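Based on the hints, put chain B in the right spot on chain A.
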Amino acid sequence: MSKQTEKTYWKSLAEREALLDPSVPMPSPMPESGVFDEGMAAGLLNLAQSATELRMDRGAFLKLVGFGMAGAALAGCNKAAEKALPYLVQPEEVTPGLSSYYATVCGGCSAGCGALSKTRDGRPLKLEGNPSHPLNTGALCATGQASVLGVYDNRRLKGPRIDGQAASWADTDKAVLAGLASAKAKGGKVRILSRSVISPTLNAQIKAFLAGFAGAQHVCYDALSVSAVLDAHAQTHGRRVLPHYRLDKAAVIVAFEADFLGTWVSPVEFAKAYQAGRKADKKDSAFSKHFQVEGGMTVTGTKADKRITIKPGEVAAALGHLAQRLGGPAAWAAGASPIADKDLDAMAKQLAAARGAGLVLCGSQDLQAQLITNWINNHLGNYGRTLDLRNPSLQKQGDDAAVAGLIDELKKGEVHALLVLDADPVYDLPRGAELAEALKKVPLSVSFALGDDDTASLCKVRTPDHHWLEAWSDAEPILGTVGVIQPALRPLGDTRQAAESLAKWAGKGQEALDLVQRYWKQHIAPKAGRGKPFLAFWESSLKAGVVSTGEAAPGAEGFRQPAVKAAAAAAGLEISFFPRVSLLDGTHANNPWLQEMPDPISKVAWDQTLALSPETAKKLGFKEGDVISISMEGAPGGLTLPLHLQAGQHPDVVSVPLGYGRPGTDRFNNVGPKWILAKPVVEPGQRLGSSVQALLPVSAGLTQFSRGGVTLQATGKNIELAKTQLHQSLDVPSNVVPAAGPRVPIVQELSLAEFRQGVEADRHEGGEKEELGSLYKEHEYPGHRWAMAIDMNACNGCSACVVACNVENNVPVVGREEVRRAHEMHWIRIDRYYSDGEDGDLDIVAQPMMCQQCGHAPCEPVCPVDATTHSSEGINMQTYNRCVGTRYCANNCPYKVRRFNWFDYPALQGDEALALNPDVTVRTRGVMEKCNFCVQRVAEQKAESKRNGADIQDGDIKTACQQTCPAEAIVFGDINDPASRVSRLAKDARAFKVLEELGVRPSVTYLAQVRNKS
Amino acid sequence: MQQEHAVIDPIDEPLVQGNKTLQQVTRDVADHLDQPSSKAWWVGLGISASALALGGLCILYLMTYGIGTIGKNKTIGWGFLITNFVFWVGIGHAGTLISAILYLLRQKWRTSVNRSAEAMTLIAVMCAGLFPLMHMGRPWLFYYLMPYPNTRGSLWMNFRSPLVWDMLAISTYFTVSAVFWYLGLIPDLATLRDRATSKVKKAVYTLMAFGWNGSGRAWHRYELVYLILAGLATPLVLSVHSVVSFDFATSLIPGWHTTILPPYFVAGAIFSGFAMVLTLMLVARKTMHFEEYITQRHIDAMTKVILLTSMLVGLAYLSEFFVAWYSGSRYEQFHFLNRFFGPDGWWAWVMYGCNMVVPQVLWFRKVRENLVLVFIISLLVNVGMWFERWVIIVSSLQADYLPSSWNFYRPTIFDFGVMLGSFGLFFTLFLLFAKFLPMIAIAEIKHEVAHGGHAIKHGEAA
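If you read the sequences in order, they're chains A and B. To convert, note that position 31 of the first sequence is 31 in our numbering; the numbers rise steadily by one, no gaps. To convert, note that position 326 of the second sequence is 10326 in our numbering; the numbers rise steadily by one, no gaps.
Because the hints were derived from the structure by calculation, they are not lab data. Heads up, none of these hints are tricks.
Taking beta-carbon pairs under 7 Å as the criterion, some of the chain B residues facing chain A (in silico):
(1) 10067
(2) 10068
(3) 10073
(4) 10074
(5) 10144
(6) 10157
(7) 10163
(8) 10251
(9) 10330
(10) 10342
(11) 10406
To spell it out: a stretch of chain A is covered by chain B in this simulated footprint if at least three of its residues, at any positions, have a beta carbon under 8 Å from a beta carbon of chain B; those stretches are:
(12) 873 to 885
(13) 893 to 899
Everything numeric in this text was worked out from a predicted model, so none of it was measured. By construction, the Cβ of each residue, glycine as well, lies at the ideal position given by its N, Cα and C atoms.
Just chain A, with the same shape it has in the complex (with noise of 0.2 Å):
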């Protein structure tokens, strides 16, 4: 060491004089801090609603001063005084400023995806799904993606009540007790009802609790039924029970009225594994053949080779029809068949031929429908194989006659206890109405719900569940698959885990974990254990997130014949009830970056519509945005809705949309700027849309999600719908077409024969070397370069990426009125365009489409300020604290994928706020943003790696986008890398560039589109 080291600098004379006196104390480096607060989360709270606070003065502050000269000089003296809150000892696991993730399973619906939660400082921030979960294998849905931010929605009980009134946790379980007492004194009957139960330990903690009552029942319903399925494969398995469908074992997929890439069961699972059946990735590679037979248009639909439309009456005619084709009886074809034979004949040929490898999904609740599906699939043999009824699936057990009969009880007052757990029944089913009168009459009423909605509101007794984030448990999505789920944080209020409080009031009182912990002694660690002590087991489960217990129901019994009564499909309208893909039944309906998802096939944030196709909408005299008053025969009242006109929609189907009118959103009044033009998504404590559930019809004991005997009625009223998208096709107007031709060349499809035959997506001309030299010097890129390929193919538009971007870039809510004045904020987009296929079919494309990262940048140059620039990586970086607001750089980029804060959207509200991503700032209003790869993410695993000496390997950084993309369509990466999965895509044989013609250089490379059309 050279004598010039050794020397010893001091920063203050303090310091100095501590240096030459060992006995002065060092002054501290830090600040001295005052306030130890031991409720880590409540303390974050209270720091979060200051920071708010604060923010809004600063912003008004800064707005002040920036006008005065004098201002400037006291912008300095701004400083904000904030408590810290350090931890005491730090726990091991945390490091200030680095997240951890926890292995959990997503509560965002009964599917089951395994998750991990990125926490920081003791708060989770975002849900990643687990790559080791073989369901979704690291990919969550839009409605995964948002569920995080339940956990912090204010409107949650704070602790429980009992008529209305908080009580402490022991009145509430002397209540709930004494009730249960009475109700076993009298011999009153005790019922659970609650959506399907996917935990194994709360199962079993029910069933003990139940135990103690004679005659008790635990009633299941899903507010998706699909309960025909479970109910047609009781009488042709003989086991009530639904089979796991393995779509990436089908070659040919014949799926009626079921969205399963959307909506429909496990759409995360299905379309991991509808993907893995149809790669384009190699000329040889297996590519399955998808029909898809469907009443409105669904991002199933989409992605379907040939789509063919009936109406959802009809589904049982066409597949009895489709059953008579292969060997069936005739008596199933009564009847017109509403599919074409040329169409039915194809579909027909392909399932024949593929023998145990054909799959018929059918999502229609009419029950002679599934018994022809479940027919045709055992008579080709799929049973076994592309269906799995030894490792059924678990995620949706409810039974739609079981819930039928609980109401009948409940109206003749014979249940003395009703045990509501994780369920909304009041809004949830369609007798909802009934339920609500019947259930003044239950002596003990108990809801577990997390905050009000329509039912909890009712039940005497509230005992708040923790959020699924707060909670010990376990998931079993498929049988054999368990999941743990752990929390991410120490509960926000006073809540107990329902089942603790079961386990209480069964007389056992334990903590969760332990009840956790205790089943899987029991009954995971001997099947899953491989003779591990149980302690290992258990960590090391806790750590996958997942363990595989090899458990199987028993081999299927012989197939039984059903019995098909031949139904006649009803002329005239009819109209379909349908799942959106960010609502689902309107669980999350409360949450606002699904509310301002854009639908992936219409585009429309918010608003509830009525999708009528054009052709329809032209005989009636409608047109976009009418507001419409919709009359069903024997349905009460009606609903009036604005009408969105959807191509590829079945001329005589009306779809209306699930999970509107949900308690929660009156919350919405709030969304938005507030300014004088300003027009609140809801008026104060009105709900957003109406809830369409007292429509359904009940059918044989059966939800049913579409009814006939519609009329359709103008009222003279026009609204603007929400619509983020509002050219739907890559076809200029047919008055304006130029002398180059019609379409806009931006997506390339192939069909499959062509792609067999080598056909390569069209490339510029010449692309980068036909360019004339640059003034100015070219970018290097000495290290990395950071791009992407996107497999258009893959992508089917679920918008999981959407809402996935949203929430790692702390990307604000804008609200209804702002996405109708074209100011939503979104950093990617998924594009959708229709265009007429050659066989006279509807083709449909979705393109993710987000910054470019352009090379040669349009909006670089334009910036006056040096705003935007180029970094030495390929990223087009965006300096918010520097931007001044012009928006020419939007104006210069061809893709408008640039968004500028028009207003101060504030990010989060509330408590809500603790979700923001602390490692990307919240922008202020006046600036311009965009996306930038994940900037943060990319630095995050360059520091990693720079600590660990190693170098970033390729799949090491992921984007919020490709990280959630349950159709893995995104590959990120290092472009500079040969041997990146990227550099190969680039050279791929389908990849083009959008617009690369312009010579900007894009950096992002979209794979063509393949259809099968064979």
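This is chain B only, laid out in the frame that chain A set:
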């Protein structure tokens, strides 16, 4: 019979009619400055100031709540505000063109109108200057666009950005125009000083006249500086709108990305500037009884300039269509078709109708001599030119490359309010100018009157 003493050009009609003596000239121009204001002036000021106040409130609201109060969106980042900016900058061309270029070209007829035209230029550039400031997302950081010393590693603006060129070009133009205008005012200010009766007026005009004594040396220096400034201002007239056009020409948006824009914009600016001068002069001539100073000959000259520039912009328009067709670029071709036949095609029809077709009637002497018609045409030209900028900016942006992003502009009351405010500002300042400063260059007119003395007298020959 009144003694005729017409000021006449050796080969053409007299520049000033009515056989003015030098004293008469002073009185005609300066007398009203000493008199109480007319009712019409008060009404005009009332309306203009109200519009300004309304616009001011809109601007205040806009600044407080954000630029989202204006009808722009993710696709159309510029709209009303930038249209108004380009419109006013265009208007601001005529004054300096008249005073500098026509001065150098020895076009003596300019003397009657150059003062007002220059004032109009300055006011129009002030109006224009408001808009870029207002349209910024964070206007309080406007100084980021200026090259000032700072502690950010001396982070300056991006010299590659046309907006920076804009800022430099317009501020230079404004400075030179203002100095040029003020210089021309000095002898007249001295005249006002000398005839001022009230003490306040005397003091103010004395201060403003910079001690002008009318000596031969003063006149010599004055003439020299005036010539130099005219020489300096001349290239600026051409550069300002060329630079403004770079905002569009250097981008890659179909309808913007075209090399013809600089001359196209300059021609358009002269076109609209002259139309605006004509509009104002026709009103001033009537209300302030300047018929003998602003004669049919002036009007004729200005309408002919309008006719010429109308054909120049027409040529530019047609070249654009040709280039779009010839380029083979589908986006360009689509843009021009969409401009005419798209959902907002009527904008283009207004633009082409007012700018290319309407001025053609000026070929007829009868039309040029019908002042009502000329007034209407001048207004239509201004409407047309406003729409030209609107079409270029908004119709180009609203449907560029990706159909998914095509959108529409949805103006709010604030769009209109701010625009109204800019007209309010323009007319308020112009009315104040008319009230407190000589609208016609007294000294220059006197020069013409004095030199016209030994020319042939019209009328008496007969």
